[in-house]
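Engineer: Spelled out, the chains give:
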Amino acid sequence: MTADLNCILPALLLMAGAFLIVLIDLLLKRRDLIEYIAYIALLSSLIFTVLRLGAGTATGFQDAVIFDSFSIFMIIAILASCALSLLFIINSATRYNVPLSEYIALLLLGSSGMILLVMSREFITLFLSFEIMSISVYILSGITRRDALSNEASLKYFVIGSFASAFLLYGMSLIYGATGTIYLNEIAYKLNRDSPVALAGVALMLIGFAFKIGAVPFHGWVPDVYEGAPTAVTAFMSAGVKVAGFSVLIRVLTQGFGLIPDLCAQAITIISAASMIVGNILALTQTNMKRMLAYSSIAHTGYALIGVATFSPSIEGLAATSFYLFAYIFMTLGSFTIISYAGNYGKEALEIKDFEGLAKTRPWTAAFMTIFLVSLLGIPPTAGFFSKFYIFKVAIRYEQYVLVAIAIATTILSIYYYLRPVMYMYMRAPAEERRKIQSDINMEVSIAICAVFTILIGILPSFIFMSFRCVRDLF
Amino acid sequence: MLESSLLLLIVFAPLVSSLLLAIIPGLKPSFVKSAGLVMSVFILACLSYLYLTYHSQSEILAFKVDYPWIKQFNIHIKLAVDGISLSMMFLTSLLSLISILCSLNSIKDKSFYILLLLIETGMLGTFAAFDLFLFYIFWELTIIPMYFIIGIWGGPNRIYACIKFIIYTIAGSLLMLVGIIYIALSGNTFDITQLKGLSLSTTEENILFLLFFIAFAVKVPLFPFHTWLPDAHVEAPTAGSVLLAGVLLKMGTYGFLRIAVPFFPQAVEVFTPFIMILSVVGVIYGAMMAMAQGDIKKLVAYSSISHMGLVVLGIFSLNLISVQGATLEMVNHGLSTGALFLLVGIIYERTHRRGVNDFGGLASKMPGYATIFMIIALSSIGLPGLNGFVSEIMILLGSFQGSYKLAPVFACIAAFGIVLSAIYMLRLYRNVFFGKITVSQYEELNDITTLEGLYLLPIVCLVMLLGVFPNIILYVTQKAVEFII
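Heads up: the sequence lines are chains C and U, in that order. Note that the first sequence covers residues 4 to 478 in our numbering. Note that the second sequence covers residues 1057 to 1541 in our numbering.
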């Protein structure tokens, strides 16, 4: 019994924290206690996960969940994104007009869903955690109740997301019908490529996952939801949900669909190419910063999928994707945090015009934003460059030349829209007198951490070693 | 191994100092300026020391530095110099120092000097790196600071210029990245010295060569990838133009020498006629466009295209004399074109105009300036006695003897380009300096100030020195060039 619980302890700790926060808010109404509980939950979860680093693989609940090094790596990534999002919201909740305790509780619940998702090994747990994560994020995107845009975003996300979950469930049931089991490792043996039912099931499941990570052609919700949701939620979505979605995709592909790798790889190649093209081209004309970053995240999904597309001959591509995701968290969280932080009079800097002259009024903010944009673009010596380099390396090694060509062409396109905010910040005069209402130390810490990691991962990418190891365990 | 650590220091010191200067709050601009000056003088001094000790080294490749960096990919921090690298690094440090000096009065922001130091690291590192990944990192490192320098402190059309510059350059670099990854995977290492003998299939070689070629051709710039150059040079501030023309262009030709030519000999043979056509077209086209320009800076920019076409011709003629001439021309062109931009900057400071027809009769009012301008202009043309002549004659001589059978034709056409350069340079000189003073307010112009003299003087001296004693450079590069061929 304890072994089972040990397995899901990271998720349990976060859930416990979430419920505790809601209770305390109901009974005691002490804000600092809420913060402490959240920090403690995250920290204990992280410590527990890190302690398991050398301990080998463990399964729990009759093989429903598995705690291998892939899980560990991804859980650390998810916890990092949760922590940074937490820092984001703690002081700015009043600015957003959100109920802080519910927000934090939902954040923790969503993260616990993500953790379970990464660890899940059979369909029911997968679907359960998928929904825990999704529903938390649906609510979070609509949590500013008075904002019409936010409500629209939440509704869109909920409706389209429910469709995607339905696809996922239908796919799972078809596969169950074809193979007679819901455990991924058993499906791997029984999946018969001649059975159209099974193939249909696979396709439907892939659709469900592709929706979650925002891949073309299932990306329609991304720009509207990213733009409408409160920036703090967008940051959490773009980092955590993406990591979780990719992780479950990787795990299902490697441990579940192992017999039909080439078919899956073909599908993913097309999706990857389309995402890169659509994401980069549509970002070119955007003037709303959040929308631009939304399209850019579609493009980055495309780049990361290149690694997955090479998985049929070898696993190195998956290591590259894992590394890419880990590096991507910091870039994207950092840029969204700055969008929220850099506004005039305490508002957010949502349009690109709001970035005008930022270099003169707030030089450090401008410098950090430049670091994040340059990293997203992929210029050394940042994390974004190294992750792209790793993906290209794997792609060239396994002769995915078309994908590489598309990636390079679209990266050249992306130069323009990534550097446009830089231009506005440095090469234009500030429009009016700028004042912050108050300095938000948490946000500043969060931005600084993201920037430091962005550069650090670019210079000393020792995380590769971890991603190698974690992917090896998938087989 | 004192010298190896010195090399490591030289490459990374500007980076560290620029980061420190950026991070520490509350520094006065004058402090940053002095820090920048001290750093570049220090680098120059160290490089001079290395230059002198290079002669006593037994191997061609000296002062090696090798630290494993990313073990899983076999990437090392590997620095080394040979004669070509050393000459280019020396040029880099000299021009960096001069660009700091020339901006002292005009640009007061401390971030400008921080960016200059960053670019210096990028340039020095590119010339010293012997690991392909490291080479790429330093290559890209120069792009963003230059983007900012053009975009923030440049001329009226600077936004267009800096975007054009960065898109062209990054596009080329990304193609090079693909090439680097491919060849590193084939050879299982990123080390330049080990990859040289790699054997590849013909198609592989051709495609890889093309990838590297495009990246370097954009940087050089070789016709038809040159369209970013006039805009970038014209809109950049003086220091930016000096570094852009003086060093960044040479990074392209250095790339040819270090990577493209040695790694893919068969592909070079296949593409040589094509490349020679492009370079000769560049020579003539650059010269003719220069003749038609009304803006002095644009004229100098086009003359750069012309000269660099000559360098590429020399490199791809592939015999000892022409490649030696090409490397010497790299140094010479850096000096003379750098000086030209400095001189234009001086007159622009005073009068805020730089049209070819805007002046007249300056010689009577600014005799010192006129003299220096004359020396530099003649050096650019290639008058015997000054540095330009030696390099140009070596390139022409070598390419005349080239193995490719149409080579003499190309050499003759290129020689014609030299005549053209005389036309546009002397015409420029006459319009600006001789004749009557056209605008009355120019009666009161000051001649060269002490500071300007300070930074022009080294160039003038070197120009004359290299004209008479080119062996200073040639001796050093000879062995390296032999090795390449």
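Derived from the structure by calculation, the hints contain no laboratory data. All of these numbers come straight from a predicted model, not from anything done at the bench. Virtual Cβ for every residue (Gly too), placed ideally from N, Cα, C. Each hint should be verified, as a subset may be incorrect.
With a straight-line Cα cutoff of 25 Å, these simulated DSS-like cross-link-like pairs (lysine-lysine) come out [claimed, not checked]: (1) C:Lys356 to U:Lys1220; (2) U:Lys1120 to U:Lys1252; (3) U:Lys1164 to C:Lys363; (4) U:Lys1164 to U:Lys1089; (5) C:Lys363 to U:Lys1120.
Covered stretches of chain C, going by a simulated chain U footprint (3 or more residues, C-beta under 8 Å) [what the hints assert, rightly or not]: (6) 336 to 342; (7) 394 to 407; (8) 422 to 432.
Engineer: Keeping to a limit of 25 Å between CA atoms, is the pair of Lys1164 of chain U and Lys363 of chain C held or broken?
Structural biologist: holds (14 Å)
Engineer: Taking 25 Å as the top limit, are the C-alpha atoms of Lys363 of chain C and Lys1120 of chain U close enough?
Structural biologist: The given pair, whose Cα atoms are some 43 Å apart, is violated under the 25 Å limit.
Engineer: Against chain U, does the segment 394 to 407 of chain C show at least 3 residues with beta-carbon separation below 8 Å?
Structural biologist: Holds: 5 residues of the segment 394 to 407 of chain C have a Cβ under 8 Å from chain U.
Engineer: Closer than 8 Å, Cβ to Cβ, for at least three residues: run that test on the segment 336 to 342 of chain C against chain U and report holds or violated.
Structural biologist: violated (count 0)
Engineer: Against the 25 Å threshold, does the CA-CA distance of Lys1120 of chain U and Lys1252 of chain U hold or violate the hint?
Structural biologist: holds (17 Å)
Engineer: At least three residues with a C-beta closer than 8 Å to a C-beta of chain U: is that true for the segment 422 to 432 of chain C?
Structural biologist: holds (count 4)
Engineer: Take a quick look at whether Lys1164 of chain U and Lys1089 of chain U sit within 25 Å of each other, Cα to Cα.
Structural biologist: Roughly 9 Å separates the two Cα atoms, so the pair holds.
Engineer: Need the status of pair Lys356 of chain C, Lys1220 of chain U: alpha-carbon distance at most 25 Å?
Structural biologist: Measuring from Cα to Cα gives roughly 22 Å; hence the hint holds.
Hint compliance for this structure: hints 5, 6 are not met, and every other hint is.
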